[in-house]
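*Asks:* The residues making up each chain are set out below.
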Amino acid sequence: MLILSLIWLGLGVVIGSVALAARLAPVGRGRLGWLALAPGAVAALLGGWLGSMLLDRIEASLVAVWVSILAVSVVGLLARRQRGMPTVE
Amino acid sequence: MQRAQVTTTQPSLAPARKRRGWRRWTALVARGALALAFIATLLLTVTPTGRAGVRAALILPALLTATEPPPLLIAGDPIRHTQRSIASQDGPVYLDIYAPTMPPPPIPGTRQGLLLISGVGDNRGVPQFVNLAQSLARSGVVAMTMTTYTLMGYTLAPATVDAVVQATLALQHTPGVNSRDVGIVGLSAGGALGAMAAADPRIRDTLGFVLTFGGYFDATNLLRDMGRRALMVDGKLVPWQPDPVPIQALANTIALTLPGADQSLIYSGFNTINGLSLSPADQARLSPAGQAAYHLLVGDEPDRVAANLAALPPQGHTLLASLSPSSVVAQIHAKVYLLHDQSDIYVPYTESRDFAAALTRLGHPHEFVEFSIFQHVEVKSGLGIGQTLHDGWSLYQILVATLGAGA
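Chains as they are written, first to last, in the numbering used here: chain A, 1 to 89; chain B, 1 to 407.
If we strip away everything but chain B, and leave its shape as in the complex, we get (with noise of 0.2 Å):
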């Protein structure tokens, strides 16, 4: 009877303290949870570092896709969009401003500033570039694009550097912006100039970084490469064929410093299909430096190209000049961040290289990424998942960099 009783008892203890040795497991992985989620959320929040990962981390997906993503929305700022011009040497700079509603939060106490310059070209209602402003905005930063009617005209001139620096020293003096917090975003040849802006005296121990994406560094090393429609790269020739937007650019920017009848001729000369196609009879009208140039732009004498760049009017070369970040590489204080998609047929990425060599040799603090999802600086479409990741993780790290810059 006894042992019956033992036999019958035995089952029923079994699943019990298999129950309670799974309970056990279970409340260990809870708590194990728990601690992990306290411990990073906590970091997350009090580290300024942590704060610009969170910011950094819901900004990436809006840099990937083109759109605002839902938690973005939903978590977000809500936002305001301003305009105001102000004056400068280049004319009015048009400024459109995307800043969060609400006053700056009590802890920092203020708010970054960033400074998007977009290029050539009126970009004020692309997508992307809004996209990228609003964005920006929603996570807190006060988002300020600038352009001005040389830019909008595809044209480069030296005084846009002075709309660079007016239009900073317009955010540093924004309510709520903290002045030492303030960096300067320049795409294409918006890049070049936020570069030179940044060695200007009047900013350059107060702004906080400054980051090209796909710009250049020296302009008489871009017409030579567009020249001779081929790119340097550790020793080497590699074939080139740049957009017609750059080579409109120049060729705008150029003009300026030829005789009136080559400038005519150089304007009335652009395509959209190929840049610029003169007849043979309007190619003989040009002067000897206006053929130059042409030749230069074109790309149709790349044996040539030294002869053609040394052709060009004394004064050609001065504004090729006056248009580089090299010229002015050692003045700059604040720490740079280079972007630069391997595929740009906008402006070769040797351009970006060069400029961190520059930098290294001067000992400056600088990153410098090469990205392969981007052409130019709008993300490609039909990416691999691999490759997203990689240069996901490249732009995400320079996105924490940038935006606890000032923090």
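Same shape as in the complex, but just chain A (with noise of 0.2 Å):
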């Protein structure tokens, strides 16, 4: 389960750097700036245990990965109505 648990972080760690990409995801400054991956990797690992527990361990990576474009998709929605910015560009 260690490795599977490295193996969502991961996952969620490169669909943060995709949605950042995506400008989906709000953009760390500084040096906090890989904080902005967080929120994918802490989503795709809470997806991937959620998924081992309600469905089967094969398809709990998939769900990692649905449920953590989940999250930054809507994470980075409410930063942008918080910010006031258009929430569409």
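Note that these hints are calculated values from the structure, not bench results. Mixed in with the good hints there might be a few duds.
Derived, one-sided and incomplete: chain B residues facing chain A with beta-carbon distance under 10 Å [stated by the list, open to error]:
no., residue
1, Pro15
2, Ala16
3, Gly21
4, Arg23
5, Arg31
6, Leu34
7, Leu44
8, Pro100
9, Pro106
10, Pro108
11, Ile345
12, Gly382
Sample of chain B residues with no beta-carbon within 10 Å of chain A, all distances over it, derived [unchecked claim]:
no., residue
13, Thr45
14, Thr150
15, Val298
The beta carbon of each residue, even a glycine, is placed where N, CA and C say it ideally should be.
Fit chain to chain and form the complex, with the hints in mind.
*Replies:* Here you go:
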């Protein structure tokens, strides 16, 4: 399960990076810029664990992917609203 | 002065505009990729067919490479292997159960059960067979293999059908297994036994499906093909040289219906090079029925196959019929999957064609796939990529259909 958890974290970082490129995630600034990847990674880890508990381990990685994408999209949307930025460019 | 300013600012604006355009395209592509990944992974996890597709995708490489692929080892369930035996009309049934160690997940709440019958011989330790059972278990299926002394002794007996039924009932009553999501997967002669068990009133209405891979449909036709060492394909006879193993299995089976002296001669005449060979003196000692059986098995009288079949004792004909799915095909209720390799030297692929034709006549739901990447039920080595992809896709579709059968 440790290896799988690391894989899910890795998937979350990749999804967070793609979300940054897609301008969906809030962009981090300065030395704490990497924190922008945190929502995706944490969501993927939670999604993976949720998937393994509700479905099966074999499907958990896929749950980690869609939960992570959903999370970074929602977090990005909320961040933009809070900053008063348009939600759609 | 003003003109000079204009000429110096223009080059600095162009790259910035280009960068903005590039960023916009990158953002669009990234959003598209995320949307696609979201929809695909959501559908693959929330729909039963999607989940079956995921499992099939991880099991397929295990079938084609005969090893458990790393993704399945990492992402699959940890499994446990237990052994037990149950009683049947064929004596003890030896069961090897490969199951996930975790309880069934809340969605769907139960696990699928698959009964694997490997055919004649003791195949419980054969790496490809164990690999199949383990791969299925890692994907969340409870895989049970079964055999009996009769099968281990390279013999077919009608009582073994009861052993298959008893094993199916045991699997249906295994904790965590959905009793209506149990399928029988029969390899080689195990396919025929599985198909006959599928017609048994004790399980025929609760069985999810029956899959035969390299199985026969009619034992008399199988013996006929063996006797003439040729197959009837589209109205033409095509030469066919069988492996010694099916000759041994049929010899052991038919010998049971012959007089005692014939039995010992037939048993002692078997060898692993050509299947059966008796000296002229021993042949002369056989009864007329024994001689007919001998010539059918050896294939040295291809022009007298019909006469030799007719010369078999009545018990022989009864036995062959009772070992044939053709005699019970109308009583099968579950969906039937027929898989056969065209170059099979154990059981002719025409047997599965006949089975499919009979099911079509009955209007019974079935799927039939012919392969060329296997030899009997084992993957050939040195295959071309085109053929592997073609047959691999067909195998994947069968896996999705069977793994999602009860969903």
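*Asks:* Confirm or reject each hint.
*Replies:* So, going through the hints one by one against the coordinates:
The restraint placing Pro15/B at the interface with chain A is violated, with a minimum CB-CB distance near 19 Å, outside the 10 Å limit. Interface restraint check for Ala16/B: the shortest CB-CB distance to chain A comes to about 17 Å, outside 10 Å, so the restraint is violated. With 10 Å as the threshold, the beta carbon of Gly21/B stays out of range of chain A, its nearest partner Cβ sitting at about 13 Å, so the hint is violated. Hint status for Arg23/B relative to chain A: holds, with the closest Cβ pair at about 8 Å, below 10 Å.
A distance limit of 10 Å between C-beta atoms decides the matter here; for Arg31/B the minimum to chain A is near 4 Å, and the interface restraint holds. Taking 10 Å as the C-beta cut-off, the interface hint given for Leu34/B holds, the closest approach to chain A being about 5 Å. Checking Leu44/B against chain A: minimum C-beta separation of about 5 Å stays under 10 Å; hint holds. At its closest, the beta carbon of Pro100/B sits 8 Å from a beta carbon of chain A; the interface hint therefore holds under the 10 Å criterion.
The criterion of a C-beta within 10 Å of any C-beta in chain A is met by Pro106/B, whose closest approach is roughly 5 Å, and the hint holds. Hint status for Pro108/B relative to chain A: holds, with the closest Cβ pair at about 9 Å, below 10 Å. Violation of the interface hint for Ile345/B is found here, the shortest Cβ-Cβ separation to chain A being roughly 36 Å, above the 10 Å cut-off. Violation of the interface hint for Gly382/B is found here, the shortest Cβ-Cβ separation to chain A being roughly 31 Å, above the 10 Å cut-off.
Consistency note on Thr45/B: stated as away from chain A, yet its beta-carbon is not over 10 Å from all of that chain's, at 5 Å minimum. For Thr150/B, the non-interface assignment is confirmed: its Cβ lies about 36 Å from the closest Cβ of chain A, beyond the 10 Å cut-off. Every CB of chain A lies more than 10 Å from the CB of Val298/B, the least distance being 50 Å, so the non-interface label holds.
Of the numbered hints listed earlier, those contradicted by the structure are 1, 2, 3, 11, 12 and 13.
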